[in-house]
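**Student:** Spelled out from the first residue to the last, the chains are:
2 protein chains.
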Amino acid sequence: MSEIMDFALSKEFLDRFTLAVEGQEADFIQSSLEGVKPVDITELLEEFDAEESKYVLDLLAPQVGAEVVIELEEDLQGRFLTIFSSEEIARYIDCLDSDDGVHLLNLLSISRREEVISLLENEEKAGHLLDLLRYDDDVAGGLMAKELIKANHNWTIKRCIEEIRKQAENVQKIYSVYVVDDHDKLLGKVSLKRIILADDNTKIADIYDSDIAMVETFVEEEEVVQIMQKYDLDALPVVNVRGKLMGRITIDDVLDVITEQAEEDIQMMSGISADVEEDDTVWIISKARLPWLVIGLVGGLLGAKFISLFEADIALVPVMAFFIPLITATGGNVGIQSSTIVVQGLANSSVFRDSIFKKLIKTFLVAVVNGIILAIIVFGIVIFSTSDQTIATTVSTALFSVVLLASFMGTITPLILDKLGVNPAIASGPFITTANDLLGLAVYFFVAHQLYGL
Amino acid sequence: MSEIMDFALSKEFLDRFTLAVEGQEADFIQSSLEGVKPVDITELLEEFDAEESKYVLDLLAPQVGAEVVIELEEDLQGRFLTIFSSEEIARYIDCLDSDDGVHLLNLLSISRREEVISLLENEEKAGHLLDLLRYDDDVAGGLMAKELIKANHNWTIKRCIEEIRKQAENVQKIYSVYVVDDHDKLLGKVSLKRIILADDNTKIADIYDSDIAMVETFVEEEEVVQIMQKYDLDALPVVNVRGKLMGRITIDDVLDVITEQAEEDIQMMSGISADVEEDDTVWIISKARLPWLVIGLVGGLLGAKFISLFEADIALVPVMAFFIPLITATGGNVGIQSSTIVVQGLANSSVFRDSIFKKLIKTFLVAVVNGIILAIIVFGIVIFSTSDQTIATTVSTALFSVVLLASFMGTITPLILDKLGVNPAIASGPFITTANDLLGLAVYFFVAHQLYGL
Numbered sequence: 004m005s006e007i008m009d010f011a012l013s014k015e016f017l018d019r020f021t022l023a024v025e026g027q028e029a030d031f032i033q034s035s036l037e038g039v040k041p042v043d044i045t046e047l048l049e050e051f052d053a054e055e056s057k058y059v060l061d062l063l064a065p066q067v068g069a070e071v072v073i074e075l076e077e078d079l080q081g082r083f084l085t086i087f088s089s090e091e092i093a094r095y096i097d098c099l100d101s102d103d104g105v106h107l108l109n110l111l112s113i114s115r116r117e118e119v120i121s122l123l124e125n126e127e128k129a130g131h132l133l134d135l136l137r138y139d140d141d142v143a144g145g146l147m148a149k150e151l152i153k154a155n156h157n158w159t160i161k162r163c164i165e166e167i168r169k170q171a172e173n174v175q176k177i178y179s180v181y182v183v184d185d186h187d188k189l190l191g192k193v194s195l196k197r198i199i200l201a202d203d204n205t206k207i208a209d210i211y212d213s214d215i216a217m218v219e220t221f222v223e224e225e226e227v228v229q230i231m232q233k234y235d236l237d238a239l240p241v242v243n244v245r246g247k248l249m250g251r252i253t254i255d256d257v258l259d260v261i262t263e264q265a266e267e268d269i270q271m272m273s274g275i276s277a278d279v280e281e282d283d284t285v286w287i288i289s290k291a292r293l294p295w296l297v298i299g300l301v302g303g304l305l306g307a308k309f310i311s312l313f314e315a316d317i318a319l320v321p322v323m324a325f326f327i328p329l330i331t332a333t334g335g336n337v338g339i340q341s342s343t344i345v346v347q348g349l350a351n352s353s354v355f356r357d358s359i360f361k362k363l364i365k366t367f368l369v370a371v372v373n374g375i376i377l378a379i380i381v382f383g384i385v386i387f388s389t390s391d392q393t394i395a396t397t398v399s400t401a402l403f404s405v406v407l408l409a410s411f412m413g414t415i416t417p418l419i420l421d422k423l424g425v426n427p428a429i430a431s432g433p434f435i436t437t438a439n440d441l442l443g444l445a446v447y448f449f450v451a452h453q454l455y456g457l
Numbered sequence: 004m005s006e007i008m009d010f011a012l013s014k015e016f017l018d019r020f021t022l023a024v025e026g027q028e029a030d031f032i033q034s035s036l037e038g039v040k041p042v043d044i045t046e047l048l049e050e051f052d053a054e055e056s057k058y059v060l061d062l063l064a065p066q067v068g069a070e071v072v073i074e075l076e077e078d079l080q081g082r083f084l085t086i087f088s089s090e091e092i093a094r095y096i097d098c099l100d101s102d103d104g105v106h107l108l109n110l111l112s113i114s115r116r117e118e119v120i121s122l123l124e125n126e127e128k129a130g131h132l133l134d135l136l137r138y139d140d141d142v143a144g145g146l147m148a149k150e151l152i153k154a155n156h157n158w159t160i161k162r163c164i165e166e167i168r169k170q171a172e173n174v175q176k177i178y179s180v181y182v183v184d185d186h187d188k189l190l191g192k193v194s195l196k197r198i199i200l201a202d203d204n205t206k207i208a209d210i211y212d213s214d215i216a217m218v219e220t221f222v223e224e225e226e227v228v229q230i231m232q233k234y235d236l237d238a239l240p241v242v243n244v245r246g247k248l249m250g251r252i253t254i255d256d257v258l259d260v261i262t263e264q265a266e267e268d269i270q271m272m273s274g275i276s277a278d279v280e281e282d283d284t285v286w287i288i289s290k291a292r293l294p295w296l297v298i299g300l301v302g303g304l305l306g307a308k309f310i311s312l313f314e315a316d317i318a319l320v321p322v323m324a325f326f327i328p329l330i331t332a333t334g335g336n337v338g339i340q341s342s343t344i345v346v347q348g349l350a351n352s353s354v355f356r357d358s359i360f361k362k363l364i365k366t367f368l369v370a371v372v373n374g375i376i377l378a379i380i381v382f383g384i385v386i387f388s389t390s391d392q393t394i395a396t397t398v399s400t401a402l403f404s405v406v407l408l409a410s411f412m413g414t415i416t417p418l419i420l421d422k423l424g425v426n427p428a429i430a431s432g433p434f435i436t437t438a439n440d441l442l443g444l445a446v447y448f449f450v451a452h453q454l455y456g457l
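Chains as they are written, first to last, in the working numbering: chain A, 4 to 457; chain B, 4 to 457.
The set of hints was computed from the structure by calculation and includes no laboratory data. Each hint should be verified, as a subset may be incorrect.
One copy or two, either will do: identical chains are not told apart, so a pair holds if it fits within one copy or between any two.
Calculated pairs, BS3-like style, for lysine-lysine (alpha carbon to alpha carbon, straight line, at most 25 Å) [said to hold, decoys possible]:
hint	residue 1	residue 2
1	Lys14	Lys206
2	Lys196	Lys169
3	Lys40	Lys188
4	Lys422	Lys362
5	Lys14	Lys361
Build out the structure end to end from the sequences listed, making use of the hints.
**Tutor:** Following this line, the structure appears as structure tokens:
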């Protein structure tokens, strides 16, 4: 129906394309990629190694090639850039928006970075890039692009349209024209709709909207995302401390940040310590997983040490050992549930959030409800199947206590981590599970030891 | 600096505002909310009950009130709507875009829905709403709004601008004008930028862009999100099977879908079965958590039953019991890590994804690497601290096998769930942990029983 739907990358096409790349069939490659969207070409090239991909890229117009490269995964970009000459990189950056350009520059060594900038044809862009390089990539200044359309408040609509005509080639998506005073201080914006509907001789000053959201360059990525999402903004202008218009952040960049943050949180919750993908090498995936596995291992060994204190008890009453997995698993599950609710609460931060005290009370009540229900179920099943009142009492009492303690741990840990400035999502992972395993064992054996009068 | 930054909801303001609501100080409420963004008023009202909020809403202009209500959490909206009369709801819906209007209608009973629609002042909107009500809310038809600007390909730019002028009030964000033929079949689009730069007498047919992405009404939400994110679209037109333009989906709606999906996945991974929030009632939170806790409990009880088969072994060699938590915890951690990587791989679906066979081989290799490293560490520590070669061999052999098996389970489970059409994120949660606990115990006791020659 539309081109997007048409370019269905089939296994057959991939096979044919692979042959073309190996046989260096330039004509076939060029004609089959004609009119294909850059992001689709990126997906295709991810099936080839860097040298093969470079052969294909060299056959494309620089504008297309640049957009294909910018859509690549970051680690692939890094690998690609090493086989490109500085001239080639400069040619690509000349075709890219400044925010994408600076992203590529940030992947280069400092000396190479300077070489590439000196090779740029577009001097205005070189200036923009030098400006953007000053910001960390997780603040508003690092997310913004310099490309935008601005109009002086004294201009007429006619003059403004001329400016749009001049800039139109550089700025892909306009959304609004930003209105500034003689010192480039941001005053407000005029939407394109308003410009279309206004009379040519209307003065910008008379129609612009001064009720405009803006952020300063140092505002953190998370806050930028929150503001744009909350107020449904397509673009957010960035200003310096004196209110001077420095750039703008567009919604597509924010979308990528949101997706990345969600993936990162999920990986943290799963105990994967680096940003790994399914198609990374075996060694990279193994390395990303090992740290948390080792932490879990140390927890397990401490648990073994702890249980060994009750060796005599177990020898006498082996039934005590039967319920170890039940206790540790429940502790783990409750802990992760609690911490997830707290972590999501922290993310959707509201100004009038419940006080920590109120949170703990609520957690406590939920734990009491669930603890009682689980304890009753377990007591019933154990007494029915073993007729051993002591073990039924031991397991259900310990289970109830573990639910309470694990809830408390699961609630308090992310709050503390958040206060310390650590991403609290980490608390929903193996960390909580390991701590709760130990806690659960302690409670269980303490209760068992008491009730059996050993 | 800007209004957004100015309206910092302080504890003090909330206290003062609470007094005003209790004392029904209409003047204070109206003047303090003057010019405040609807979403900020929503945040404020979430601190009050439905009756109090209604008092405040009645003091606001219907346009503002409608936007405040639409920003509320869905369950609060439901509670609000019950205390509003059908006339009041109709007045709000008259002020809203059709996608937001249909969202409110969907929260009402069918009979009340019809009553509200019959009360609408805007007849065109009533038709739009009846049309939208036909779609499920998780397909393109359910996400789209009917408000958009379309132009016939035979029109001139001048005529097109007149149309924009006529429609401007109804359509907040224009992005592009959609170009259709005489039968409303979607042909392409013209960006506002192009309209501004074109000559008044230019024909639309000569300048429109026919390379446009579109989806049919029945396309699923997830695919809509994927297309808009992949191609960086601000808006996506929706057509029926014959290509007739039916509506458009805007990026702000997609942003909300992405955030919701991520939160849902995380809740599934944490074993929370309904969409709960930190500020839901104790009973709602308890109920959402119980199902997975009970599943964990049943797993634990099966584990107990299983261990009881080895009661005699444990009585003779109590040290066997010490390492139960180590085995189960490692199995759980490995399983969740594996399934998370698979689930994220499924989400970033690429056409040329590795075959299942290749995936399993890779998982196996990662498991072998991690399994060997963990087994060596455990063997070293156990032999060093107990000098008991049998238990060191037992634990490290079992651990290695558990890492292998848990990786396999963690990889295969989400793949199977995905094939069955179930959200695979569920596999990263208590489900995998419980299965792996049992698997781990089986391997451990089997190995122990063999090595001790019991």
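**Student:** Each of the hints needs a verdict: does it hold here or not?
**Tutor:** Now the hints, each set against the structure:
1. Lys14 / Lys206: neither (58 Å within a copy, 42 Å between copies)
2. Lys196 / Lys169: both (19 Å within a copy, 12 Å between copies)
3. Lys40 / Lys188: between (38 Å within a copy, 24 Å between copies)
4. Lys422 / Lys362: Within one copy only: 15 Å inside a chain, 40 Å across chains, cut-off 25 Å.
5. Lys14 / Lys361: Between. Shortest inter-copy distance 16 Å satisfies the 25 Å Cα cut-off; intra-copy 57 Å does not.
Hint violations for this structure: number 1 only, all remaining hints satisfied.
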